[in-house]
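A.B. asks: As they're listed, the protein sequences go chains A and B.
Per our numbering, residue 1 is the first one in the first sequence, and the count goes up by one each step.
Per our numbering, residue 1 is the first one in the second sequence, and the count goes up by one each step.
Be aware that a few hints might be false.
Chain A is faced by these chain B residues, among others (derived, beta-carbon under 10 Å) [unchecked claim]: (1) Arg51; (2) Leu58; (3) Gln70; (4) Asn136; (5) Phe302.
Read the hints as simulated data drawn from the structure, not as lab findings.
All values derive from a computational prediction rather than experimental measurement.
All C-beta atoms, glycine included, are put in the ideal place defined by N, C-alpha and C.
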Amino acid sequence: MSDIAIKVEQLSKRYRLGVVGTGTLSHDLNRWWYQLRGKEDPNLSIDDSHKHIAGNQYVWALQDVDLEIRKGEVLGIIGRNGAGKSTFLKLLSRVTSPTSGIIKIHGRISSLLEVGTGFQPELTGRENIFLNGAILGMSRAEIRKKFDEIVAFSGISQFIDTPVKRYSSGMWVRLAFAVAAHLEADILIVDEVLAVGDAEFQKKAIGKMQNIVCNSPKTVLFVSHDMSAVRALCTSSVLLNGGRIEMQSSVDAVIARYLTAGISEGRQVSWNENNAPLGDGIRLHSLRIEDSQGTVSGSLSNTSNLIIRISYTLHQPIPNLRLVLSVISARGVEVLTSTSHAAGSADYHTTGKFEASCCIPGKLLNIGHYLLRLRVDVPTEQVIVPSFEALQFRISELDFHQYGRIVPGEPSGLIHIDAPWVVQKKQES
Amino acid sequence: MKTILEEKALPDYSVSEDNKHQNPELQQEDWTLIIKPQSSLFDLQLAEVWRYRDLMLLFVRRDFVTFYKQTILGPLWFFLQPILTTVIFTFVFGRVANLSTDGIPHVVFYLSGIVLWNYFAECVNKTSGTFTQNANLFGKVYFPRIVLPLSIVVSNLLRLGVQLLLFVGVWVYFFAKGAQITINAYALLFPVLILIMAALGLGLGMIISSLTTKYRDLTFLITFGVQLAMYASPVIYPISSLDGDIRMLILANPMSAIIETFRYGFLGEGTFSWALLGYSAGFSLVALYLGTLIFNKVQRSFMDTV
């Protein structure tokens, strides 16, 4: 037990979207009254918190995260944007409080989140070292003890009595990192701080991090999109996806999963008992993209219709069940969204096995990579399966384009549709 | 989410902050810190605030130093502002409007009111911006948020100290000139007055700062409101010049008794009663208590609403 530094149990964080305040005063007062007495928020039900919450108003940034981090472990947290990494760190560093769940921490925790916050432009470097150190939780005595080390590490000793507003951004970052890196803490939260400064400084920063990691029994939580830094520093790793822990394993295994199998690339994906997206009363079996010929292999042409087939089983009748499909471009732009309610009658809500299909016509999407995102919900009532990227597909064959005889490498634009042209000579009058 | 039920059955370890070695039962799971969705509002975590006292002092220092950075007159500004206000008040309210000052020389009368009122007003104004102005910092690092309002109250205390020097100088000058001002035993109440004002400014400021996280209009209202409130307190006129309903109304202002008591102690004229002072003290304590509760509640969730 005693070698656990951080224990996270069933941690969830829900954000509310939209305008806060107006029209919800009674809601606010009600919640306030319960919180005043230290009771559970009545707006959070116990059996299934999102059942009673209007579907689109809330978003779960983290859901039911269980994690144990041992002392001395250097844990790399990776995941795509929006996977919940920052939320997780914010909860750990107490910037915001969880919606449900509990975090138990053994030892002093400090974060090295986005360096430079709390720097006061008018104050000198020296004064800022003290102020910043104190903001990060050090006492003045501790900072004084480390002062020379901090200045030496930052490499700006000749400017230490200059107001930091006259510093270049590089000097600013060095100083900030120097303060943060010399924190007296048992647990250190590091978020993307190594991605700043010039190459030489980065090398120094990684060296310092390795130093921290090797020479002291510090527990480090490290978030980065730089896989080489994660590989260099971490002893184990966790992959977050859609607010859940997708994988916790050795660094190499997690990185491999993140880079290649984060989303399965191809034209079909099927789920078994273990990896099916979770949802109440629904079990998703597979999703595939057929071309006009009904095949799911080979390359896709930009003239081919895309028939997306989703097969699933309902274990209980879900009135008004809706499947929401979105096509996202490789750059993260949502190209289109369509829902199964377009099928008209919603008779498909009884128990049993189903197949839903949706046809995205050809001559619409440009060539390139796309993500297919799926969500299952009951509009305005309940999110059954939260949005997830089901698969990644590629339209590779350019059988139609509007560039005339000259074949371009790739038509520009998000979509490439058949937009009829008429060119006429105007009658002079 | 059945586990929420199970969690409720767990013993509450949240007391383990400092006494973890005293309780042998907690040895198995002696966590330093437990983060939970909702702890009771009344859990103010004062021990933690104490651990961050160095931060508070550094904030005070920052406020003080940045105040006169890149100014020509530097710390002289601490004097100039009350001096200029006093001159204008002496002219407008003393000469032109010819308002009574209980027979006290105008300059000493106005200066005493202005110095005290400034302290209170600055506390309220600065504290009320705690959340909105520091959202960026609060969003990135944790420290007990209450450290900031506390540092504002303390740094204004320094400012008040400096301005009191000015007051003492002016007082001595008029006393030597033989003006009708006498210091008496009630001047010993001065530290109490400061405490009441600090509590009042801090309490009101915290209430407002918590509300501004949701309703931004308050920010505009408050600067304006505090300015107007000065006229509803005996800064430019003595209580003795009022009677009837208006007198009751002005006395309902908790700052009234403070300013009057100060004048009574240092200048020998003014309206003093223990009941009025007691009312001010009570009002301040209630404001401070409410302010702390609301502030404590908002600091937990405000990053999600700002």
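A.B. asks: If any of the earlier hints don't hold here, list their numbers in rising order.
C.D. replies: Those not satisfied: there are none.
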